[in-house]
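Novice: Its first residue numbered 0, the sequence shown is counted upward by one per residue in numbering that gives the first Met the number 0.
The set of hints was computed from the structure by calculation and includes no laboratory data.
Please note that a few of the clues may not be correct.
In silico lysine-lysine, PhoX-like type, Cα no more than 20 Å apart, as pairs [to be verified]:
| no. | residue 1 | residue 2 |
| --- | --- | --- |
| 1 | Lys127 | Lys72 |
| 2 | Lys122 | Lys249 |
| 3 | Lys249 | Lys237 |
| 4 | Lys127 | Lys237 |
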Amino acid sequence: MGDIAVTTGIFLVAASFFAGFVDSIAGGGGLIQLPALLIGLPKTETVTVLGTNKLASVFGTATAAGLYRRQIKPEPKVLIAMALPAFIGSAAGASLASRIPTASMRPIVLILLIVVAIYTWVKPDLGKIEVLRHHSTRRVQIAAFSGIVIGFYDGIFGPGTGSFLMLVLVASLGYAFITASAIAKVVNVSTNLGALVIFGINGAIIWQIGLALGVANVLGAVIGARLAIRGGSTLVRKVFLLVTIALIFKVGIDTFQSF
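Please put together the full structure from these sequences, using the hints given.
Specialist: Next up, the structure:
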């Protein structure tokens, strides 16, 4: 993995494996992998770290999406309507990532994550069974709008993307957590690819490191996705809550340190 020390390489591979595992269940892999890259590559420009992180993540996310699709068949129109705008939004966000100060976004994201966690906590039956809301056309419209907005956010900043996708799919559209996770994985592949195109064009990717971490991410994703499929919506909901709470602490610490 280039000129990095062996111990740093082992640390990054382990982090990427665990990130793939967690992300494949309920999202939030960036909570582990991105900070690990920032620690392991302290002299690398942030935009290059972001690009390398996206490269590693896309392999694990795509693997998890494929495993989910074998077992769970969500509504194709909703899936496509959310994934395509998410790709466009993410590419647009990534193109602005180095120009807009993202520190100003942290307080808003922190508040939104707290709302997500509280809403999920106080509704224990949320997402246990699938009760679709709205008619088909309306679901497609909500999916498309949410896809482009969350995709843009993922390209420009990122933390909490999985939580926001899951909340829209479960609370707004009425999917069970396990189905929502399957849809979110496909959408997340789309956002990763959108951002990756922009980072790649700008040369902001360390390919050797990204590909090596991608292998570890895939291994973690395989184990996580299989566990999630066996555990169903109950397991996904628990991991989703844990990941969201961890994100609240991470974004909260970053927010207060920036003042």
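Novice: Decide, hint by hint, whether the structure agrees.
Specialist: Evaluated hints:
1. Distance hint between Lys127 and Lys72 is fulfilled; the C-alpha atoms sit about 17 Å from each other, no more than 20 Å.
2. Straight-line distance between C-alpha atoms of Lys122 and Lys249 comes to about 24 Å, which puts the hinted pair past the 20 Å bound.
3. For the proposed pair Lys249 and Lys237, the alpha carbon gap of about 18 Å is at most 20 Å, so the pair holds.
4. Taken as a hint, the Lys127 and Lys237 pair is honoured in the structure, with Cα atoms around 11 Å apart against an allowance of 20 Å.
Taken one by one, the earlier hints fail for this structure only at number 2.
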